[in-house]
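**Q** Given chain A, work out where chain B should sit, using these hints.
There are 2 protein chains.
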Amino acid sequence: METKNMRRFLVLSTGVAVVLLVTWLHLASFPNKEDLNCSLYSGWCTSKNRFYSSARPNPIKKPSSPTYDHQSEIPQHPLDPLTIQEFNRVKTILASHPLFKSSSRYTLNSVVLEEPDKKLVLKWKKGDPSLPRKASVVAVVKGVPYVLTVDLETSQVTSQETGSFSGYPTMTVEEMVGVLEVPLKSTEFNRSIIKRGVNLADLACLPVSSGWYGTPVEENRKLIKVQCYSKKGTVNFYMKPIEGVTALVDMERKEVVSISDNGQNIPVANGVNTDYRYSIQKLNGELRLLNPISLEQPKGPSFIVDRHLVKWANWEFHLRPDPRAGTIISQVKVRDPDTSKVRNVMYKGFTSELFVPYMDPTEGWYFKTYMDAGEYGFGLQAMPLDPLNDCPRNAYYMDGVFASSDGTPYLQPNMICIFESYAGDIAWRHAECPITDLKVTEVRPKVTLVVRMAAAVANYDYIVDWEFQTDGLIRSKVGLSGILMVKGTTYENMGQVPDKEYLHGTLLSENIIGVIHDHFITYYLDMDVDGSENSFVKVNLKKQESSPGESPRKSYLKAVKKVAKTEKDAQIRLQLYDPSEFHVVNPLKKTRVGNPVGYKLVPGATAASLLDPEDPPQKRAAFTNNQIWVTPYNKTEQWAGGLFVYQSKGDDTLQLWSNRDRPIENKDIVLWYTIGFHHIPCQEDYPIMPTVSSSFDLKPANFFERNPILGVPPNFDEDLPVCKAHKSA
Amino acid sequence: METKNMRRFLVLSTGVAVVLLVTWLHLASFPNKEDLNCSLYSGWCTSKNRFYSSARPNPIKKPSSPTYDHQSEIPQHPLDPLTIQEFNRVKTILASHPLFKSSSRYTLNSVVLEEPDKKLVLKWKKGDPSLPRKASVVAVVKGVPYVLTVDLETSQVTSQETGSFSGYPTMTVEEMVGVLEVPLKSTEFNRSIIKRGVNLADLACLPVSSGWYGTPVEENRKLIKVQCYSKKGTVNFYMKPIEGVTALVDMERKEVVSISDNGQNIPVANGVNTDYRYSIQKLNGELRLLNPISLEQPKGPSFIVDRHLVKWANWEFHLRPDPRAGTIISQVKVRDPDTSKVRNVMYKGFTSELFVPYMDPTEGWYFKTYMDAGEYGFGLQAMPLDPLNDCPRNAYYMDGVFASSDGTPYLQPNMICIFESYAGDIAWRHAECPITDLKVTEVRPKVTLVVRMAAAVANYDYIVDWEFQTDGLIRSKVGLSGILMVKGTTYENMGQVPDKEYLHGTLLSENIIGVIHDHFITYYLDMDVDGSENSFVKVNLKKQESSPGESPRKSYLKAVKKVAKTEKDAQIRLQLYDPSEFHVVNPLKKTRVGNPVGYKLVPGATAASLLDPEDPPQKRAAFTNNQIWVTPYNKTEQWAGGLFVYQSKGDDTLQLWSNRDRPIENKDIVLWYTIGFHHIPCQEDYPIMPTVSSSFDLKPANFFERNPILGVPPNFDEDLPVCKAHKSA
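From first to last, the protein sequence lines are chains A and B. When you line the first sequence up against UniProt numbering, it's residues 1 to 729, in that order. When you line the second sequence up against UniProt numbering, it's residues 1 to 729, in that order.
In isolation and in its complexed conformation, chain A is listed as follows (with noise of 0.2 Å):
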């Protein structure tokens, strides 16, 4: 497992390519003594420190075939990613310009591409001139915080604004790295630490967005939490914290503001068989269970990738990674088999942010109420995927380019997989019965389109999927899975709690407790159902009594539909007793027999926020009080929790905006819909948790004439590879 990790990396310089060869080893398991140079902070030797002082690992060739230079990569869409080249240039550009030039003490939050105006690139077809390019700079420059566009054609910064919003922005992986050395320039912090048996060298530790909360301690500058675990015995130390430490730490002037220790001394918990690792449970005889399964297509795939754009089947969309969403996709569009054309679906849709609220109100504790794409960087923290684990032996591989704090372009190799998947499911069937007798069975296997990306926040992993049908269905899925994030008790069993005792969660092992906490996904769908200008509509479900004599039934189901004219008609909290359909639909193009076009928002599971609307975290978070919104579009309107989450008082979210209370009706509007999770913690979870998924549908409702997949043909014997075990081949 390690040793395939093994890679080279080139790390690149500005404009004139400076090739450096740099040999980044994945560890088997913990970092040799001599790599850490502990002398460097007394008493502080982890392994962070190790990244910090070592250049960031700057790949330019993907790692699997097909081979692929980065170095040289031009755009061919408009909205392709940064190259390489571009960002090396945004970096030249910056460092002449008059405010950087000034400042030795900058960083680069974001360098992103500047999306041209999405009608610029509907209109813009292959084979037309390319669009200007232009990068998006979030750059914060002697603790002022700037939004700047730079042309990379003219060279200009044509725009710069420092924002009239709370908050910070997205952290840097420098600045989430740099602050976890700080506490322990603290003797107060180390003696804590040291008071509770913990050797110093053994430390690992989190740096834990500390959230808004209204107090003076808070006002004008950039705050984080530092808390701490041992990584004695075991590369899990989560499940090893040192409870009752936090220290808060200044950002920028990487200073200890105060250290909070609870004077408890709860006991750091043994970590007996906590590592999960393959190479460590096989000490222990694996458990194997299975004989080995593959998805084979002995025809090769049904997909192309060329740069950004993906083409499968009846559908194609352009795919780019991305530092804070992570994954987005843009411009989906499905082929209609009636008609053989291409129709638009989608403009862009992406997880625009996330909010992971801890249900512990104590002092440790109640400010972890994370909002991860905002705060943290949710593409930022997708590396890359296990080949042959984290995504089938068919999958394709798609890296990302982003900018290091300095303006450095690096590789996240394989950060996006697409691949095609076969459960064993069917796409339609039907058989006719003994009833009727006609001796028809006709079945379609249903194969679809997987676009995987895996974010671990810390702890944390989210797997991210947008999946294909055939039939014009879209699902978009999280899954959950990752370490939990435990709090320390001194109980080693139920027995010892006292009856009146809350614990805020399960005790999952000795001196371990997995604390209660929700999850909340949010997604920016822009709609745009055969063009942009789309309503959305309500399609109520109503109990309706049959008056007396009409009818033996007293009552049945009526539709209602609503068309929603203003933003608040589109709030909609979901209801099990009171069901409604939601669609967006083309209220100006109908079927052949007259209904508009549309395609409807199915949710599936989810859990809803119940925290007090006047709680900060629900305020920052306020993006979560409704499942669905719809607002018009508006190009600055893409984080549902704002530009600037970090530390944010909650005054540029998704709430606020659709308070405005716009009109939306044959607009160009777009949806947002929330995915939730509650999660209490059970014994299972422990060390490692077994993966959580809901999604949501976004499925064409009266878009097609008809069944779009009535002419696929079933499987066919001949249709199957031969296959043969490997060691037999």
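FYI, nobody ran anything at the bench for these hints, they're computed from the structure. Check before you lean on any hint, since a few could be wrong.
One copy or any two copies: either way a pair holds, since identical chains are not told apart in the list.
Stated by the list, open to error - Simulated crosslink set (SDA-like; lysine to any residue; CA at most 25 Å straight-line):
no.: 1; residue 1: K232; residue 2: R706
no.: 2; residue 1: K558; residue 2: D651
no.: 3; residue 1: K589; residue 2: L480
no.: 4; residue 1: K724; residue 2: E73
no.: 5; residue 1: K543; residue 2: G364
no.: 6; residue 1: K299; residue 2: I572
What you are looking at is a predicted structure, and each value in this text was computed from that prediction instead of being measured.
**A** Okay, now just chain B, sitting in the frame of chain A:
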């Protein structure tokens, strides 16, 4: 597709093996005119009577290898279904019983295994002497229903009840088919058909269970409604309804009670391009979107089927086909990796009843409120699965052996399939991110075992899956496909429909309305979590306001556990804004750290019945009044709508049993869950519906000490097969 279904069958006679070879031809399209013998019934010339006039097909060999001799089958497990020899023995015993001896007019509506007492089954081990074999028989003699137990050891009929509840037994296939000819004896009916421009030779009719509405005409006779379609030009006659003509038929007397003709001459839809058969679709040019894809297992499957016992990975369970429930799984056990012991999870699980109310209160539609298991027999309608399309290539098939209405056994070949599935999903994963820089990525692929049946109750196809995961989770999934029940209309375009007119559905094509309806599937889940004495615990997540000064947070969610003392505590309607987890725990067995071992029910997306509780169909289907119920185990309470559902008055439902409010704490309890769907048809559902699915999970919750698949290996290159395309092999 059709030719592979040419099979040989044997007709089995009682006791002595009088064997007749019959060739059952799967006709490629419409039956030849020669086959029909149209002279038999004047004016009636459909394919239906072919079925009725020929012997029922009775294969004795499994068509696919391994060949399996059902003739010589001997039961090996107390829950094994009746064998052919046992069916024949029951027939012989009954033939000499006074009740049947004296009557030529009797029907055996059901002959199935009478399960031995649960306590005996739980004690029984492989190698023990077999438990006494008994058959449970539902018979109707001269219009009177009887429930009998036939002891196969003593040849005695040991129990005989006529039943005190309303309603009739599940129809036999012979009854369903037999009523179809009745309306044709009525000149009034034939006139109504001909008046609508349909040639009687093109008729295809359906037996529509008539429900119960408390009218005098319904008293003391078993009624059914017959509605007809035109199969001119398409095998998909469902899309050509002859709207407005309904025959009410007395099932026992085979007499027309009344003919309803609305007098409107609604045109029969033209049915253009509704024939979904590949042979027909190919003529228009097939839609080939994909290269082939296949699930391959180079070292063979990981499961063993020993008669009706299935062992896979860490699971084992008993599986049997049932004419009413379809698939019954029993004695579901999972191996604990910590102790290597096999532990009980569920004693018995099956689809107990379905409820499918259509939302149109008008004359020809109000009564369409199907209860597919108790009225039609969910298993009786489960036709042979299509080997490469209903299930993947790596599937194993199990046959059903059922009794026809005179007690003669017959085979339902390939009724259930079992296969391993791998969709490319992830069982668990964690990657360390740049923050911690630990260079760990560990991922395990998710492989599951699927047990599938597909029941086509006339137009609708229900794909019923039980899916087992190695992490201890059991998923029950229902997929809906097949063909809509549609209504004829004069409208060809929505532009013609007056503003105030409500269609009760969607105009799908010219002259066709897809009528709104619901589907409810109610599961019986006799949970035995580590033993039979279990409790049901609702873990409610409640918003808790923090006290002033307690925390910078205003609120958090608190888990409040409540053990259900009696049945009414466990009548549960789901609410997004009042969420709970639903645990079945064994209060006497605790994990190492003291949590009661348990499994939780995790609902997926669902729908609730909104009909008036006093509406006759809702009274009969009162088991859909809640999503969750818990009852104490009672051998006679297995069918949620009552044993005799057909035309029942709702006097034997789960609602009534549960209202007795019996104690359920620390008892042998049965959990009931209902999956619901609201279906507003859309044009994509025409002429055959893409599958829509929903599911619920039974998930270990503190059942295992820890993640039970921590020790499983990842995929390695050498595990995967080497494959070639069929042609090149």
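**Q** Now tell me, hint by hint, if it's right for this structure.
**A** Status of the hints after comparison with the structure:
1. In this assembly of identical chains, K232 and R706 lie within 25 Å of each other by CA distance solely across copies; the values are 20 Å between and 61 Å within a copy.
2. Proximity of K558 to D651 under the C-alpha cut-off of 25 Å is found in neither arrangement, the shortest distances being 40 Å within a copy and 28 Å between copies.
3. Taking the shortest alpha-carbon separations for K589 and L480, neither the intra-copy value of 39 Å nor the inter-copy value of 29 Å comes in at or below 25 Å.
4. Taking CA atoms no more than 25 Å apart as the test, K724 paired with E73 passes in neither setting, with 39 Å inside one copy and 34 Å between copies.
5. Proximity of K543 and G364 under a CA criterion of 25 Å is satisfied inter-copy only: 20 Å between copies versus 49 Å inside one chain copy.
6. In the homo-oligomer, the alpha carbons of K299 and I572 never lie at most 25 Å apart, since the shortest distance is 46 Å inside one protomer and 51 Å across protomers.
Hints 2, 3, 4, 6 from the earlier list are contradicted by this structure; the remaining hints agree with it.
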